Amino acid sequence: MTAYPHSPPESPRAFPISVVVDFRTERDRRWGSGHWEVVGVIAGRHVAGGDRTVRGAPIRAEENDRQTLWTGLAVELHKDEVESYYHNLMAEYPSLFVVARDEGDAPLEPYLASVSYGEASSYMETDASVFSLPMPAEIYRWVEQFVLEHYVPEKKKKRRRDDRKQGAFCDGIR
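Using the numbering used here, you'd call the opening residue of the sequence shown number 14 and step up by one each time.
The hints are simulated quantities; they were obtained by calculation from the structure and are not laboratory data. Since this is a predicted model, take the numbers as computed values, not measurements. One or more of the hints may lead you astray.
[To be verified] Below, simulated EDC-like cross-link-like pairs (lysine to aspartate or glutamate); rule was C-alpha separation at most 20 Å, straight line:
| # | residue 1 | residue 2 |
| --- | --- | --- |
| 1 | LYS168 | ASP93 |
| 2 | LYS168 | GLU96 |
| 3 | LYS169 | GLU96 |
| 4 | LYS92 | ASP140 |
| 5 | LYS168 | GLU94 |
| 6 | LYS92 | GLU132 |
| 7 | LYS169 | GLU75 |
| 8 | LYS170 | GLU122 |
| 9 | LYS92 | ASP35 |
Please build the complete structure, drawing on both the sequences and the hints.
Structure follows, in structure tokens:
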């Protein structure tokens with residue numbers, strides 16, 4: 014079997030990723046010094062030494078901009094979420110969702126990645142910090158393969174006309 018640069022992950026249900034978090038100072042400092050946000054996702058184990066987990070390793074530190082790298086995360090797929098994956102793939106802009114802890118001045122700490130709209134919206138309802146990023150091509154192909162193997166669309170049911178209501182009175186008028 015030929016090894017491609019972006020070959021599928023070892024597990025058919027988990028794809029390793031790394032997340033880039035950025036802190037930018039505000040130009041107008043009246044309301045605070047700045048904010049953290051997730052700005053990128055790198056698909057695969059090839060970042061920062063493979064299997065080693067890196068928790069907030071600095072990538073860049075400039076006066077108005079700091080970036081950190083978080084590895085050791087993975088996107089996991091589950092059969093009961095396959096319809097949500099399908100709808101995500103069919104969207105105009107397929108997304109990968111990153112959920113992170115936001116402790117004020119402390120760096121944003123990503124702890125979950127998903128391609129499920131349902132899972133992402135559940136975290137949004139609890140006021141968690143959820144970031145939507147473009148889905149990397151490697152993850153798109155991997156999710157697409159999973160959906161092709163497991164998704165069975167529900168058959169549309171034909172509406173049946175209820176003949177009993179045909180001759181019924183409507184507001185006393187026949």
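Handout entry: Straight-line alpha-carbon gap LYS168 to GLU94, limit 20 Å
Key = holds, 18 Å
Exercise for the section: Compare the distance between the alpha carbons of LYS169 and GLU96 with 20 Å, and conclude whether the hinted pair is satisfied. Expected result: holds, 15 Å
Problem - Hint consistency between LYS169 and GLU75 [alpha-carbon to alpha-carbon, up to 20 Å] - result: Distance ~56 Å between LYS169 and GLU75 Cα, so the pair is violated.
Practice task
Could you grab the alpha-carbon distance between LYS92 and ASP35 and see if it respects the 20 Å cut-off?
Solution key: violated, 33 Å
Practice task
Given the hint that LYS170 pairs with GLU122, test it: the Cα-Cα distance must not exceed 20 Å.
Solution key: violated, 45 Å
Exercise for the section: Quickly compare the C-alpha distance for LYS168 and GLU96 to 20 Å and report which way the hint goes. Expected result: holds, 13 Å
Problem - 20 Å Cα cutoff - pair LYS168, ASP93 - result: The hint holds at about 17 Å.
Handout entry: Pair hint outcome, LYS92 versus GLU132 [Cα-Cα no greater than 20 Å]
Key = holds, 13 Å
Practice task
Take the C-alpha atoms of LYS92 and ASP140, compute the straight-line distance between them, and say whether it is at most 20 Å.
Solution key: violated, 26 Å
Violated hints for the displayed structure, listed by number in ascending order: 4, 7, 8 and 9.
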